[in-house]
Amino acid sequence: MSINNQLNRPDLALIADWIKPGSHVLDLGCGDGALLANLQKQKNVTGYGLEINDDYIAKCIRSGVNVIHVNLNEGLSDFDKNAFDYVILSMTLQAMRRPDLLLEEMLRVGTEGIVTFPNFGHWNARMQLTFKGRMPVTRCLPEQWYDTPNIHLCTIRDFEDLCKKMGFKILQRQAVDQVHRTSLGLRLFPNLLGKIVLYRFRRV
Amino acid sequence: MPDKIPSDSVGLVTPQTHHFDQPLNLVSGAVIQEYDLAYETYGKLNHAKSNAILICHALSSNHHVAGYNTPDDKKPGWWENFIGPGKPIDTNKFYVVGSNNLGGCFGSTGPSSINPASGKPFGPDFPIVTVKDWVQSQARLSDVLGIKQWAAVIGGSLGGMQVLQWSIDYPDRLRHAITIAAAAKLTAQNIGFNEVARQAIVTDTDFHKGRFYDHNTEPSRGLRIARMLGHITYLSDDSMREKFGRQLRDERIDFGYEVEFEIESYLRYQADSFVGKFDANTYLLMTKALDYFDPASDYDNDLTKAVSHAKADFLVVSFTSDWRFAPSRAREIVKALHDNDLNVSYAEIKATHGHDAFLMKIPHYMEIFGAYMERVASEL
Chain S
1 MSINNQLNRP
11 DLALIADWIK
21 PGSHVLDLGC
31 GDGALLANLQ
41 KQKNVTGYGL
51 EINDDYIAKC
61 IRSGVNVIHV
71 NLNEGLSDFD
81 KNAFDYVILS
91 MTLQAMRRPD
101 LLLEEMLRVG
111 TEGIVTFPNF
121 GHWNARMQLT
131 FKGRMPVTRC
141 LPEQWYDTPN
151 IHLCTIRDFE
161 DLCKKMGFKI
171 LQRQAVDQVH
181 RTSLGLRLFP
191 NLLGKIVLYR
201 FRRV
Chain G
1001 MPDKIPSDSV
1011 GLVTPQTHHF
1021 DQPLNLVSGA
1031 VIQEYDLAYE
1041 TYGKLNHAKS
1051 NAILICHALS
1061 SNHHVAGYNT
1071 PDDKKPGWWE
1081 NFIGPGKPID
1091 TNKFYVVGSN
1101 NLGGCFGSTG
1111 PSSINPASGK
1121 PFGPDFPIVT
1131 VKDWVQSQAR
1141 LSDVLGIKQW
1151 AAVIGGSLGG
1161 MQVLQWSIDY
1171 PDRLRHAITI
1181 AAAAKLTAQN
1191 IGFNEVARQA
1201 IVTDTDFHKG
1211 RFYDHNTEPS
1221 RGLRIARMLG
1231 HITYLSDDSM
1241 REKFGRQLRD
1251 ERIDFGYEVE
1261 FEIESYLRYQ
1271 ADSFVGKFDA
1281 NTYLLMTKAL
1291 DYFDPASDYD
1301 NDLTKAVSHA
1311 KADFLVVSFT
1321 SDWRFAPSRA
1331 REIVKALHDN
1341 DLNVSYAEIK
1351 ATHGHDAFLM
1361 KIPHYMEIFG
1371 AYMERVASEL
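Line order of the protein sequences matches chains S and G. Quick note: the first sequence uses the working numbering, first residue 1, plus one each step. Quick note: the second sequence uses the working numbering, first residue 1001, plus one each step.
Since the hints were derived computationally from the structure, they do not count as laboratory data. Among the hints, erroneous ones may be present.
[What the hints assert, rightly or not] Pairs of lysine-lysine, DSS-like flavour, derived with a Cα cap of 27 Å: (1) Lys169/S <-> Lys20/S; (2) Lys43/S <-> Lys81/S; (3) Lys1350/G <-> Lys1148/G; (4) Lys1044/G <-> Lys1075/G; (5) Lys1361/G <-> Lys1243/G; (6) Lys1004/G <-> Lys81/S; (7) Lys81/S <-> Lys1305/G; (8) Lys81/S <-> Lys164/S; (9) Lys1044/G <-> Lys1004/G; (10) Lys1075/G <-> Lys1243/G; (11) Lys41/S <-> Lys1335/G; (12) Lys165/S <-> Lys81/S; (13) Lys1209/G <-> Lys1120/G; (14) Lys1311/G <-> Lys1044/G; (15) Lys43/S <-> Lys1044/G; (16) Lys1350/G <-> Lys1243/G; (17) Lys1277/G <-> Lys20/S; (18) Lys1243/G <-> Lys1074/G; (19) Lys1311/G <-> Lys43/S; (20) Lys1277/G <-> Lys1075/G; (21) Lys1209/G <-> Lys81/S; (22) Lys1049/G <-> Lys1148/G; (23) Lys1004/G <-> Lys1305/G; (24) Lys81/S <-> Lys1277/G; (25) Lys1185/G <-> Lys1049/G; (26) Lys1361/G <-> Lys1075/G; (27) Lys41/S <-> Lys1311/G; (28) Lys1305/G <-> Lys1288/G; (29) Lys1277/G <-> Lys1243/G; (30) Lys20/S <-> Lys1335/G.
Note that this is a predicted model, so its numbers are computed, not measured.
Next up, chain S with everything else stripped away, as it sits in the complex:
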């Protein structure tokens, strides 16, 4: 049985597939701890989840995950250099005040970074802006422009430009549709057809 079956969020299942057994992992914005709980059980992974929401903290504790109350906007200064094999940031990058600084921090405390975010270059977002002349509202980005926590949206191209500028090497990329499947079309036109994109990267 694949471990993917046990994770409700398919992007987490894809991340789990990328993690080597026995690794030490830091999960930024870990939510209810589902990913770490799964990795602990299936891959003997150790580590911590960082979370700011009290309800999620109780849930993490219940599922046996080490969770630390942290505001990610304040950085990761409590963590030492190269303390983790992987630092994961799933569906949170776009809500950070300074995504670039957090990415920098991720590769300070970890060897590899794993990031997932909603791709703003998806055709549906482009259509809404082009033809309706309004900020896109999609299933991945359901909020209105004025109440959205997603303040730093980017496209696949934008992200890859930033990685280049910051001296990061992309090791793996996967663009997926809303049910997190990939296809030939997605491989050929990720920035147009990918709703969510996953990256694994490290310093050059």
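Given the coordinates of chain S, assemble chain G onto it according to the supplied hints.
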């Protein structure tokens, strides 16, 4: 006691005392030849003796953690909100031990106890004990109770410091450590508050260099001021504003020095209810134990090194409005623990109550504490 004991209370409990006749060597170099420790227990120790929980108390509290000692008691033990059947520290699952710290004034040997050598109270002859000494004495109590390893050692404030010391000194004797509203050492500001409290006591003319018992008096004026100061620091500016604001007792200003504002009335009430119940020498001793606590000082002032041999899993809790033991202090503990790859969870609870929040029934706090204790129980 209420007319009917609530079903989630441990009910009537009888304090116990154990006499230790083996000398206890203290950090200061002094030796306590023999001593008593007062304690209470709730719930049942299981056959494997694996379900025991030790509660370490704060500055002015004691071993009466939950339930009622007599049917006439108006108030239950100081952590009744958290201990009892179905509560976060569930006495249906755990055997809970609360012990009064050495140097205390509620049954354990302390400055107000009779010195066998002189037949008079020890007073200033009672040596200053430290957090490390307390933990050593508690380990001896564990031996007496037949507990090789605690399922968890738990404490708030000064109690949380004892928990940290337990994890350093006896790494194999506890599986979980829960420190609440605690710090790995006091700040200068904190030591400053303690010094004002001590000065209030020692400069009281009734202090008699600590031998006030021989004069049938006590430095009640100093102790009152110390307690009032303490209470101000245990609350937050917000909680005081919420609770008292600038409310007047008689709805008008009298242009005098009697009680006018509600906050004055509250502080005087707290002071009055402390005097006669708490020993001034114990207050001095407890504040010194707080000031001296700094486990990192034995490890090149590196807390990460200090906890490098700890094995327990940790839960660390702090409260946003606690300025006496602020969240940033708790985070220092958390950092030292995860630097060593130890299992640690940390919750910073939103609360307006200040340092006193650790005694309060705050929903998120209860939930997180309860969730962690379920984890402890699931391993039994």
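Here is how each hint holds up against the structure:
Note on lysine 169/S and lysine 20/S: the hinted pairing holds, with a Cα-Cα distance of about 19 Å set against a maximum of 27 Å. At most 27 Å may separate the alpha-carbon atoms for a hinted pair to count; lysine 43/S and lysine 81/S meet this at roughly 24 Å. Between lysine 1350/G and lysine 1148/G the CA atoms are separated by roughly 36 Å; this puts the pair beyond 27 Å, and the hint is violated. At roughly 24 Å between alpha-carbon atoms, lysine 1044/G and lysine 1075/G fall within 27 Å of each other, so this suggested pair holds.
Using a Cα cut-off of 27 Å, the hinted pair lysine 1361/G and lysine 1243/G holds, with the two alpha carbons roughly 17 Å apart. Our distance criterion of 27 Å between C-alpha atoms is broken by lysine 1004/G and lysine 81/S, whose separation comes to about 58 Å. As the CA atoms of lysine 81/S and lysine 1305/G are separated by approximately 17 Å, the hinted pair is consistent with the 27 Å bound. Pair hint lysine 81/S plus lysine 164/S holds up; C-alpha atoms about 22 Å apart against a cutoff of 27 Å.
Between lysine 1044/G and lysine 1004/G, the direct Cα distance comes to roughly 23 Å. Compliance with the 27 Å bound is thereby established for this hinted pair. Our distance criterion of 27 Å between C-alpha atoms is met by lysine 1075/G and lysine 1243/G, whose separation comes to about 21 Å. The straight-line distance between the Cα atoms of lysine 41/S and lysine 1335/G is roughly 25 Å, inside the 27 Å bound, and the hint therefore holds. For the suggested pair lysine 165/S and lysine 81/S, the alpha carbons sit about 21 Å apart, so the restraint of at most 27 Å is met.
Note on lysine 1209/G and lysine 1120/G: the hinted pairing holds, with a Cα-Cα distance of about 15 Å set against a maximum of 27 Å. With a C-alpha separation of about 26 Å, the suggested pair lysine 1311/G and lysine 1044/G falls inside the 27 Å cut-off, and the hint holds. Our distance criterion of 27 Å between C-alpha atoms is broken by lysine 43/S and lysine 1044/G, whose separation comes to about 38 Å. Of the pairs offered as hints, the one joining lysine 1350/G and lysine 1243/G holds, with about 17 Å between alpha carbons and a cut-off of 27 Å not exceeded.
A C-alpha spacing of about 60 Å is found between lysine 1277/G and lysine 20/S, which places the hinted pair above 27 Å, so the restraint is violated. With a C-alpha separation of about 23 Å, the suggested pairing of lysine 1243/G with lysine 1074/G holds against the 27 Å cut-off. With a CA separation close to 22 Å, the supplied pair lysine 1311/G and lysine 43/S stays within the 27 Å bound. About 14 Å separates the Cα atoms of lysine 1277/G and lysine 1075/G, which keeps this hinted pair within 27 Å; it holds.
This hinted pair does not check out: lysine 1209/G and lysine 81/S have alpha carbons roughly 53 Å apart, beyond 27 Å. Annotation: proposed proximity of lysine 1049/G to lysine 1148/G holds, straight-line Cα distance about 8 Å (limit 27 Å). For the hint linking lysine 1004/G to lysine 1305/G, the alpha-carbon distance of about 51 Å lies beyond 27 Å, and the restraint is violated. Of the pairs offered as hints, the one joining lysine 81/S and lysine 1277/G is violated, with about 52 Å between alpha carbons and a cut-off of 27 Å exceeded.
For the hint linking lysine 1185/G to lysine 1049/G, the alpha-carbon distance of about 33 Å lies beyond 27 Å, and the restraint is violated. Only pairs whose Cα atoms come within 27 Å are accepted, and lysine 1361/G paired with lysine 1075/G is accepted, the gap being roughly 16 Å. For the hint linking lysine 41/S to lysine 1311/G, the alpha-carbon distance of about 21 Å falls within 27 Å, and the restraint holds. Between lysine 1305/G and lysine 1288/G the alpha-carbon distance is near 24 Å, which keeps this suggested pair within the 27 Å criterion.
Proximity of lysine 1277/G to lysine 1243/G is assessed by CA-CA distance (about 25 Å); at most 27 Å being required, the pair is judged to hold. For a cut-off of 27 Å, the pair hint linking lysine 20/S to lysine 1335/G stands: about 25 Å separates their Cα positions.
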